[in-house]
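Q: Residues per chain are reported as follows:
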Amino acid sequence: AQTVTQSQPEMSVQEAETVTLSCTYDTSESDYYLFWYKQPPSRQMILVIRQEAYKQQNATENRFSVNFQKAAKSFSLKISDSQLGDAAMYFCAYRIFQGAQKLVFGQGTRLTINP
Amino acid sequence: NAGVMQNPRHLVRRRGQEARLRCSPMKGHSHVYWYRQLPEEGLKFMVYLQKENIIDESGMPKERFSAEFPKEGPSILRIQQVVRGDSAAYFCASSPASGIYNEQFFGPGTRLTVL
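For the record, the sequence lines run as chains A and B.
Positions 1 to 115 (this note's numbering) are the ones given, in order, by the first sequence.
Positions 1001 to 1115 (this note's numbering) are the ones given, in order, by the second sequence.
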């Protein structure tokens, strides 16, 4: 069974600094997707960034980028120039490429931004 | 284009009562997923439905829980004889179709409190 592990229950960063959130996963599949979701206090799940496992290039979305290490099964999220609005729970998630569509989530990392 | 709608947003039930949670997918989406989030945890997959069919219910508790997605109307997650351990946030997500890639769009969630 696929599992996703986020080993940092909480992280904090100074506003305008850079922070990296860690995620590892376990799967026997070769093709899959990886995601980072943000959950602010409103509890709405917001997709931040996704990565296709067959792509070697790391995904980037504005201030958000990932470091995808397929062999190590590692998928970290880097947030540059942190803003107060980035404060939220961040969840790493996995989904196989085809077939069952369910997302497998990690336990989450609570990110605090210090002004 | 309205997003995924869930109602009610908050639901309070006493032990032994029934809870009915509704999810209206985005327009054009025929696939619905239900996830449960216990306090301070990540989301856990419960069930994946297409119109009139349950595709994957591997995360659904065997007793008291059921889900449907009729040809007309919203998807319903039904919990019979609720217990305190059912208190959680229940999220619905929808996607346009299975295939190479399709993003799951999340609703705002229903927070169920069992007294």
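Don't read these hints as lab results, they were simulated from the structure.
Just so it is clear, the structure is predicted and the values come from calculations on it, not from any experiment.
Hints should not be assumed to be uniformly reliable.
As the list claims (entries may be wrong) - Once the Cα atoms are required to be at most 25 Å apart in a straight line, the calculated BS3-like pairs of lysine-lysine come out as:
no.	chain 1	residue 1	chain 2	residue 2
1	B	LYS1044	A	LYS73
2	B	LYS1062	B	LYS1044
3	A	LYS73	A	LYS55
4	B	LYS1044	A	LYS70
5	B	LYS1027	B	LYS1051
6	B	LYS1062	B	LYS1051
Q: Decide, hint by hint, whether the structure agrees.
A: Hint check:
no.: 1; hint: B/LYS1044 to A/LYS73; verdict: 21 Å, holds
no.: 2; hint: B/LYS1062 to B/LYS1044; verdict: 15 Å, holds
no.: 3; hint: A/LYS73 to A/LYS55; verdict: 14 Å, holds
no.: 4; hint: B/LYS1044 to A/LYS70; verdict: 24 Å, holds
no.: 5; hint: B/LYS1027 to B/LYS1051; verdict: 13 Å, holds
no.: 6; hint: B/LYS1062 to B/LYS1051; verdict: 21 Å, holds
Going through the hint list in order, the structure satisfies each hint without exception.
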